[in-house]
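Each chain, letter by letter, is given below.
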Amino acid sequence: MDPVLDIQRLSIRYAGAPAPAVRDVSFTLGRERLGIVGESGSGKSTVGRAIMRLLDTAEITADRMQFEEVDLLNAPERKMLDVRGKRMSMILQDPKFSLNPIQRCGHQIAEAYRTHVRCSKSEARARAIAMLEQVHIRDPERVYDLYPHEVSGGMGQRVMIAMMLLTDPDLVIADEPTSALDVTVRLQVLRILDGLVRDKGIGLIMISHDLNLVRAFCDRVLIMYAGRVVEALDARDLDNAQHPYSRGLLAAQPRIGGTREPLPVLARQDSWLEPLEAQA
Amino acid sequence: MRLDRRRLNGIAEQGVSIFVTLFGLLILTFVIGRIMPVDPVRAIVGEDATREVYENVYRQLGLDKPMWQQFLLYMRDVVTLDFGTSIRTGQPVLQDIARVLPATIELATFAILIGAGLGTPLGVIAAVNKDRWPDQLIRVISLMGHSMPIFWTGMIALLVFYANLGWVGGSGRMSQFYIGLVPERTNFLLIDSALAGEWEVFRSAINHIILPAALLGYSSSAYITRMTRSFMLDQLGQEYVTTARVKGLSRRQTVWRHAFGNIRVQLVTIVALAYGALLEGAVLIETVFAWPGFGQYLTSNLLIGDMNAVMTCVLIVGVIFIGLNILSDILYRVFDPRTR
Ligand SMILES: Nc1ncnc2c1ncn2[C@@H]1O[C@H](COP(=O)(O)OP(=O)(O)OP(=O)(O)O)[C@@H](O)[C@H]1O
Ligand SMILES: [Mg+2]
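Same order as they appear, the protein sequences are chains Z and B.
The first sequence: position 227 = 325 (this note's numbering), numbered continuously.
The second sequence: position 242 = 444 (this note's numbering), numbered continuously.
Don't read these hints as lab results, they were simulated from the structure.
Since the structure is predicted, the reported quantities are computational estimates derived from the model, not experimental observations.
Please note that a few of the clues may not be correct.
As the list claims (entries may be wrong) - So, partial list: chain Z residues that the calculated Cβ filter (under 7 Å) puts toward chain B:
hint : residue
1    : L179
2    : R182
3    : G183
4    : K184
5    : M188
6    : S196
7    : N198
8    : I200
9    : S218
10   : S220
Claimed, not checked - 20 Å max Cα-Cα, derived SDA-like pairs, lysine to any residue:
hint : chain 1 : residue 1 : chain 2 : residue 2
11   : Z       : K177      : B       : T456
12   : Z       : K219      : Z       : R202
13   : Z       : K194      : B       : V485
14   : Z       : K194      : B       : Q437
15   : Z       : K194      : B       : A300
16   : Z       : K184      : B       : R453
17   : Z       : K194      : B       : D436
18   : Z       : K194      : B       : L438
19   : Z       : K194      : B       : F462
20   : Z       : K177      : Z       : L152
21   : B       : K332      : Z       : T155
22   : Z       : K194      : B       : W401
23   : Z       : K184      : Z       : Q164
24   : Z       : K184      : B       : Q437
Where a beta carbon is used, it is the ideal one built from N, C-alpha and C, also for glycine.
This is chain Z alone, in the form it adopts within the complex (with noise of 0.2 Å):
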């Protein structure tokens, strides 16, 4: 089958920076969760975005990005605003910001459809509502009718879910969906995610800090450091990582049941910014 998502030698540079945020990082994605996994400022969202096109002052070099059949390198902004989205779509992090707070939630859900799909204001609603249920909150009427301050982080971040996957993209993004909430709703919030992807079979990148979520959550893992993938591994064998950055990360990761002492702390080497085949 042929993938959802095809990256090659990806880098992309931010206006007025000296030095790119993402350097030479290549993946495919077909119909699978894949998480990327790294360090704060090691160029996780900065992928993400460029696979939306939201980056319009970066320049992006790459041998090949396509998503599906567009090539995401040369397509036109209107070819984009098609294709964003209808096919892929992102989770953003915190529905404190990423809700427009004077509108009501269902309008903007209803929204997301309306943009895509010519039809009447009731039949949008009847589809967010139907959204809503999906996304398992309870009394979707009255929810549609709320505002952003009006409902809790998971509540909320349901219903940025629900935005999201309303039509049927072929591609999420999730970027960190779920470390701007409560630890008591994050799994709720994921095996809802989670069911919904696996059930209309989408492509999902899952942009996380937490490894442990990771491997519950993905098929497949991109390590990140400083804007480059150091390596690329099964989730399964997570725990088999080879790169001594990888290595560092793991033994970083508090564990249940775990010795009490203080968890080792990174000491950054150079060679980490080699990838893994060239330190063997």
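Use these hints to put chain B with the ligands onto chain Z, whose structure you have.
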């Protein structure tokens, strides 16, 4: 909108704060009346009045009473809308105000419509094109509006658009020819002439107001542009704007459907402020265009120490600002669901 306990409390609180502000305003105007370096009695009786006449008027004005009693009397006068007589015009101040204030309101309203109608879209365009040529160009346009000497520009504009091109009417509120033709009901010339069905006068009034209003509007659009730009830049950096783009909205839809709604509150506040400043009366423009407005009235009375008139004018400016504050408070509640 439900009238629950919290809302009632809010309204009560606002009522109290308005009351306190008004009271403070009365104290202010009263003090201004006392410290002005004019002798109110002399201003009435003239230089060569006898001592007896002087003392008589002195007592009539209540100046022999203690301060607090004078203040109470002043409050009584204000509440009964008795503002005394203007020495300069010899008419009741209230009657003068009823004549000059509508002229200024008319001009200021036209000007703010132009100013906001020009400044808001320019500010948005500047923000969306930050640091590119449209932004640069708009910066120059609004810098010119901000720094133009309005007295000089006014005269040049009169020369060009009235004397040379003949596109607009000259000074005054209408052509000499029409003065006295329509009955003065509201003293808003546009309303009065429309009420009387005198459309020629109406057109003449529009012709006369357009140039001074455009100049005032242009100069206040500079401020509105600058503020809109910065409010907008603030919003364009927010995550919900990214969400809107992720949904597949175009840049224009993102800006007008999402970001713009979030600057309305701030926008209303600064437009109200700019409007208030215009209502105080633009003395320079009113002078150049011989516009019989509030600014001219206040200034000429201030210059000759016409106490009753000045105190009343200050009071009115204060009341206007309180009113605009209340208005922008109400709109705040309408535009932002978080405040309801
Ligand atoms: N708009 C921008 N302009 C310039 N530089 C940027 C911009 N956004 C991000 N960067 C830089 O690019 C690098 C990668 O940032 P990015 O946000 O992709 O990291 P991240 O891995 O998502 O981090 P986090 O885990 O904190 O979200 C960082 O060095 C950051 O400072
Ligand atoms: Mg990030």
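Here's how the hints hold up against the structure:
Interface restraint check for L179/Z: the shortest CB-CB distance to chain B comes to about 5 Å, inside 7 Å, so the restraint holds. Annotation: R182/Z was flagged as interfacial toward chain B, and the flag holds, the nearest CB pair being 4 Å apart, inside 7 Å. Interface hint at G183/Z: satisfied, since its Cβ lies 3 Å from the closest Cβ of chain B, which is below the 7 Å cut-off. Look at K184/Z: its Cβ gets to within about 6 Å of chain B, closer than 7 Å, so that hint holds up.
For the restraint placing M188/Z at the interface with chain B, the shortest Cβ-Cβ distance is roughly 5 Å, inside the 7 Å limit, so the hint holds. Restraint check, S196/Z versus chain B: the minimum CB separation of about 4 Å is within 7 Å; hint holds. For N198/Z, the interface hint holds, since its Cβ comes within 7 Å of a Cβ in chain B; the closest pair sits about 4 Å apart. Checking I200/Z against chain B: minimum C-beta separation of about 5 Å stays under 7 Å; hint holds.
Annotation: S218/Z was flagged as interfacial toward chain B, and the flag is violated, the nearest CB pair being 19 Å apart, outside 7 Å. For S220/Z, the interface hint is violated, since its Cβ never comes within 7 Å of a Cβ in chain B; the closest pair sits about 20 Å apart. At roughly 17 Å between alpha-carbon atoms, K177/Z and T456/B fall within 20 Å of each other, so this suggested pair holds. The straight-line distance between the Cα atoms of K219/Z and R202/Z is roughly 14 Å, inside the 20 Å bound, and the hint therefore holds.
For the suggested pair K194/Z and V485/B, the alpha carbons sit about 48 Å apart, so the restraint of at most 20 Å is broken. For the proposed pair K194/Z and Q437/B, the alpha carbon gap of about 14 Å is at most 20 Å, so the pair holds. Distance hint between K194/Z and A300/B is unfulfilled; the C-alpha atoms sit about 51 Å from each other, more than 20 Å. Straight-line distance between C-alpha atoms of K184/Z and R453/B comes to about 16 Å, which keeps the hinted pair within the 20 Å bound.
Among the hinted pairs, K194/Z with D436/B is consistent with the structure: their alpha-carbon atoms are about 16 Å apart, no more than 20 Å. As the CA atoms of K194/Z and L438/B are separated by approximately 16 Å, the hinted pair is consistent with the 20 Å bound. At most 20 Å may separate the alpha-carbon atoms for a hinted pair to count; K194/Z and F462/B meet this at roughly 19 Å. A hinted pair counts as satisfied when its Cα atoms are at most 20 Å apart, and K177/Z with L152/Z qualifies at roughly 13 Å.
With a CA separation close to 12 Å, the supplied pair K332/B and T155/Z stays within the 20 Å bound. A distance of roughly 55 Å separates the Cα atoms of K194/Z and W401/B; the hinted pair therefore is violated under the 20 Å criterion. The hinted pair formed by K184/Z and Q164/Z meets the criterion: a straight-line CA distance of about 16 Å does not exceed 20 Å. Of the pairs offered as hints, the one joining K184/Z and Q437/B is violated, with about 25 Å between alpha carbons and a cut-off of 20 Å exceeded.
Hint compliance for this structure: hints 9, 10, 13, 15, 22 and 24 are broken, all remaining hints hold.
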